[in-house]
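Visitor: Sequence:
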Amino acid sequence: MSICSTCFILSQEPDRKDRPDPKDFKLEDLNGETVGRVPGKVNGQQFVIKNCQNCNIYIFDHSATITVDKCLDCKIFLGPIKGSVFLRNCTSCKCVIACQQFRSRDCKSIDVFLHCGSQPIIEASTKMRFGCFQCHYPELPDQFSKSGLSPYRNTWDNIHDFSPMPDERNWSLLPDDAKVEDYVPMPTTEEFQDLKLSTSVDDSVVPLTLGGTKQKGSESSLVVFFKDSSSEEKLRQFLKDMRQEGSCSLARTTEIEIDVGTAARILGEDERYAKAVTNGAVVGLEFNGTDTAQTCQRVAQPLVGDSVVFIPESSEVGSRSVEAWNSQVEAQMAM
1 MSICSTCFIL SQEPDRKDRP DPKDFKLEDL NGETVGRVPG KVNGQQFVIK NCQNCNIYIF
61 DHSATITVDK CLDCKIFLGP IKGSVFLRNC TSCKCVIACQ QFRSRDCKSI DVFLHCGSQP
121 IIEASTKMRF GCFQCHYPEL PDQFSKSGLS PYRNTWDNIH DFSPMPDERN WSLLPDDAKV
181 EDYVPMPTTE EFQDLKLSTS VDDSVVPLTL GGTKQKGSES SLVVFFKDSS SEEKLRQFLK
241 DMRQEGSCSL ARTTEIEIDV GTAARILGED ERYAKAVTNG AVVGLEFNGT DTAQTCQRVA
301 QPLVGDSVVF IPESSEVGSR SVEAWNSQVE AQMAM
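For the sequence shown, the positions run 1 to 335 when UniProt numbering is used.
These are calculated hints, taken from the structure and not from any lab test.
Watch out, some of these pointers could steer you wrong.
What the hints assert, rightly or not - Each computed EDC-like pair below joins lysine to aspartate or glutamate, with the alpha-carbon atoms no more than 20 Å apart:
{"id": "1", "residue 1": "LYS240", "residue 2": "ASP176"}
{"id": "2", "residue 1": "LYS234", "residue 2": "ASP202"}
{"id": "3", "residue 1": "LYS75", "residue 2": "ASP202"}
{"id": "4", "residue 1": "LYS275", "residue 2": "ASP203"}
{"id": "5", "residue 1": "LYS227", "residue 2": "GLU191"}
{"id": "6", "residue 1": "LYS275", "residue 2": "GLU232"}
{"id": "7", "residue 1": "LYS196", "residue 2": "ASP176"}
{"id": "8", "residue 1": "LYS275", "residue 2": "ASP259"}
{"id": "9", "residue 1": "LYS227", "residue 2": "ASP182"}
{"id": "10", "residue 1": "LYS41", "residue 2": "GLU191"}
{"id": "11", "residue 1": "LYS50", "residue 2": "GLU28"}
{"id": "12", "residue 1": "LYS50", "residue 2": "ASP142"}
{"id": "13", "residue 1": "LYS127", "residue 2": "ASP73"}
{"id": "14", "residue 1": "LYS26", "residue 2": "GLU191"}
{"id": "15", "residue 1": "LYS41", "residue 2": "ASP142"}
{"id": "16", "residue 1": "LYS275", "residue 2": "GLU257"}
{"id": "17", "residue 1": "LYS50", "residue 2": "ASP69"}
{"id": "18", "residue 1": "LYS75", "residue 2": "ASP167"}
{"id": "19", "residue 1": "LYS234", "residue 2": "GLU255"}
{"id": "20", "residue 1": "LYS108", "residue 2": "ASP142"}
{"id": "21", "residue 1": "LYS127", "residue 2": "ASP106"}
{"id": "22", "residue 1": "LYS227", "residue 2": "GLU245"}
{"id": "23", "residue 1": "LYS108", "residue 2": "ASP167"}
{"id": "24", "residue 1": "LYS82", "residue 2": "ASP24"}
Whenever a hint applies, use it, and build me the whole structure from the sequences.
Guide: Listed below in structure tokens is the structure:
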């Protein structure tokens, strides 16, 4: 008699020791504590913060999504978030957040230094105040990259209120001179002592912008950096030199992909632009001030070298290019 045997191929499950422990990605029911995660401890996972009071909470790592529920009188730092951060039922908190999408619901008296890659949304929330994200530590640029966030694509001031009040506004902008460290002091506890943290404007991964509603003077001008091997370094130096020059303010920064036709329509016909757009996304800088175009020309001239940079030749061209550029950005964000 022959015996027929059936063989089964069993797939081995990963060792449970290698699985992330959900408790490592949650902070809840804390009172008066300084807690958080250092770089490498979250590593792109989801994270939950819940029922915390009078706490200092620091997540110096990138994550997938973060929810912050029912927190009171907390100071919260959240490193780059690939998806959304959702604040719910929080009161009197001060935050520093970098994310793709920001949303709040049923919140009151929240101050946020924000980097957001899409339009921030508030709902049933009051006394919300927003400023521009400012921070640097050595791991932060790579965390932005892993989260798919561009430091230059930042719409922190373009708030959409789902439940506006008829007689008053539910949100406003923080003062121009608001400093992150005055709202969310960087930690001094042993857990974070090896981090090289800075909230200096010159060090920040995200350029400091004052928002589109805050204009110093009546002239606006656009500067566009096309990508090449040295464009990032030159762009950073240009921003620093413009801050030191002092007569113009950086209103907003954007980073978008454009084609040859769009470049010609907004910036004018130029073979250099037509060739350079194929290198990747371009960075647009909107400055406000007096004699803005001339100031940008003067500051940029020693830096540009053989890089391709659009700088308008006059205030009239600068104003037209800003309007056309912003329309293009809005159209792309709506897609």
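Visitor: All the hints need checking, so say for each whether the structure fits it.
Guide: Status of each hint after checking the structure:
Distance check on the hinted pair: LYS240 and ASP176 sit about 17 Å apart at the alpha-carbon level, within 20 Å; holds. Using a Cα cut-off of 20 Å, the hinted pair LYS234 and ASP202 holds, with the two alpha carbons roughly 14 Å apart. Taking the CA atoms of LYS75 and ASP202, the gap is about 23 Å. The hint is violated against a cut of 20 Å. In summary, the hint linking LYS275 to ASP203 is not supported, as the alpha carbons are separated by about 32 Å, beyond the 20 Å threshold.
The straight-line distance between the Cα atoms of LYS227 and GLU191 is roughly 39 Å, outside the 20 Å bound, and the hint therefore fails. The straight-line distance between the Cα atoms of LYS275 and GLU232 is roughly 18 Å, inside the 20 Å bound, and the hint therefore holds. The suggested pairing of LYS196 with ASP176 is violated, with an alpha-carbon distance near 26 Å, which exceeds 20 Å. With a C-alpha separation of about 10 Å, the suggested pair LYS275 and ASP259 falls inside the 20 Å cut-off, and the hint holds.
Restraint check for LYS227 and ASP182: the C-alpha separation of about 36 Å exceeds 20 Å, so the hint is violated. Simply put, LYS41 and GLU191 have alpha-carbon atoms about 12 Å apart, close enough for the 20 Å limit, and the pair holds. Straight-line distance between C-alpha atoms of LYS50 and GLU28 comes to about 5 Å, which keeps the hinted pair within the 20 Å bound. Note on LYS50 and ASP142: the hinted pairing is violated, with a Cα-Cα distance of about 27 Å set against a maximum of 20 Å.
At most 20 Å may separate the alpha-carbon atoms for a hinted pair to count; LYS127 and ASP73 meet this at roughly 14 Å. Among the hinted pairs, LYS26 with GLU191 is consistent with the structure: their alpha-carbon atoms are about 17 Å apart, no more than 20 Å. As the CA atoms of LYS41 and ASP142 are separated by approximately 15 Å, the hinted pair is consistent with the 20 Å bound. Of the pairs offered as hints, the one joining LYS275 and GLU257 holds, with about 13 Å between alpha carbons and a cut-off of 20 Å not exceeded.
With a CA separation close to 5 Å, the supplied pair LYS50 and ASP69 stays within the 20 Å bound. Restraint check: the Cα-Cα separation between LYS75 and ASP167 comes to about 30 Å, which exceeds 20 Å; the hinted pair is violated. Only pairs whose Cα atoms come within 20 Å are accepted, and LYS234 paired with GLU255 is accepted, the gap being roughly 16 Å. As the CA atoms of LYS108 and ASP142 are separated by approximately 33 Å, the hinted pair breaks the 20 Å bound.
The straight-line distance between the Cα atoms of LYS127 and ASP106 is roughly 11 Å, inside the 20 Å bound, and the hint therefore holds. Restraint check: the Cα-Cα separation between LYS227 and GLU245 comes to about 25 Å, which exceeds 20 Å; the hinted pair is violated. Annotation: proposed proximity of LYS108 to ASP167 holds, straight-line Cα distance about 17 Å (limit 20 Å). Between LYS82 and ASP24 the CA atoms are separated by roughly 19 Å; this keeps the pair inside 20 Å, and the hint holds.
Checked against the numbered hints above, the structure violates hints 3, 4, 5, 7, 9, 12, 18, 20 and 22; every other hint is satisfied.
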